[in-house]
Amino acid sequence: MVSRLIISLLLLILFQNLRAQEEVYELRTYQFEFFRSADVLHNYLEKALIPALNRQGIENVGVFEEVGEALPKKIYLLIPHSNIQGFQNSTDLLLKDQVYSESATPYLMSPENAIPFSDYTTNLIRSTYGFPNLVRPDVSSELFELRIYHSHNEDALRRKVKMFNDAEFPIFKDAGLPMVFFGMDIAGEHMPSLTYMLANKDKEANEKGWSAFLEHPEWKRITQIEEYANSVNDITRVFLKRLPYSQL
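Positions 47 to 294 (our numbering) are the ones given, in order, by the sequence shown.
Don't take each hint at face value.
Derived Cβ-Cβ restraints for the label pairs, each shown as a range [said to hold, decoys possible]:
1) F285 to V185: 16 to 22 Å
2) E115 to E92: 19 to 25 Å
3) D201 to V145: 44 to 50 Å
4) I271 to V145: 51 to 57 Å
5) T151 to R82: 15 to 21 Å
6) E272 to L141: 50 to 56 Å
7) R267 to R74: 35 to 41 Å
8) N159 to R283: 30 to 36 Å
9) N159 to R74: 18 to 24 Å
These aren't lab readings, by the way, just hints derived from the structure by calculation. Note that the Cβ used here is the ideal one computed from N, Cα and C, for glycine as well.
Sequences and hints are given; from them, build the entire structure.
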């Protein structure tokens, strides 16, 4: 009886430690209106918001745009928080930051017709024990692949996340597909879903990596496991490139 109690306590401590390592990623998508300059937003992000986040201790803020001439144009802002409390505190800290208030004035005081977007969407993504922390991409990485896996219900998503945690991350590494972050979406559009980002030198290296992934013996093995069947019913894939002031 005592042994079982000790084991239960150890498992509880282990679980709490794993949860404590989980980061929360705030992924914003700004969709631009046609015929409006985006300068005011870029200046705000580069000169006001990102420096303020850095003062809070938030590092590696990523800013990306889509590859090619996709319309309407979008930019993606990735803010990594150490935990959910960090996300909750961030806005309050911004309101108390006088340097931020002054730097953000041109953006915050802009009239409606000077803002390049009507609104932005936010997804909150919680990392998992299999890939708990964001990894800075290699400086040579010029192509980023954002992937969102949609599941038909919460149990299907649970099974797919388990598949990643238990087996998939080493396959990505072996195949030459460096991962930047991974997590389960806890708030946002089109849920239930998970989101992750890959970084590679170019499209050719990315395609080579995916070919190696699909031919990997371990991938072929786990795709035959019944538990993981029918866990994804749609995939959204977006190719991105970093903006000059991105910290990733």
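Comparing the hints with the structure gives:
1. F285 to V185: 16 to 22 Å: 19 Å, holds
2. E115 to E92: 19 to 25 Å: 23 Å, holds
3. D201 to V145: 44 to 50 Å: 47 Å, holds
4. I271 to V145: 51 to 57 Å: 53 Å, holds
5. T151 to R82: 15 to 21 Å: Since the Cβ atoms of T151 and R82 sit about 20 Å apart, the hinted range of 15 to 21 Å holds.
6. E272 to L141: 50 to 56 Å: Check passed, 51 Å falls within 50 to 56 Å.
7. R267 to R74: 35 to 41 Å: 38 Å, holds
8. N159 to R283: 30 to 36 Å: 34 Å, holds
9. N159 to R74: 18 to 24 Å: 22 Å, holds
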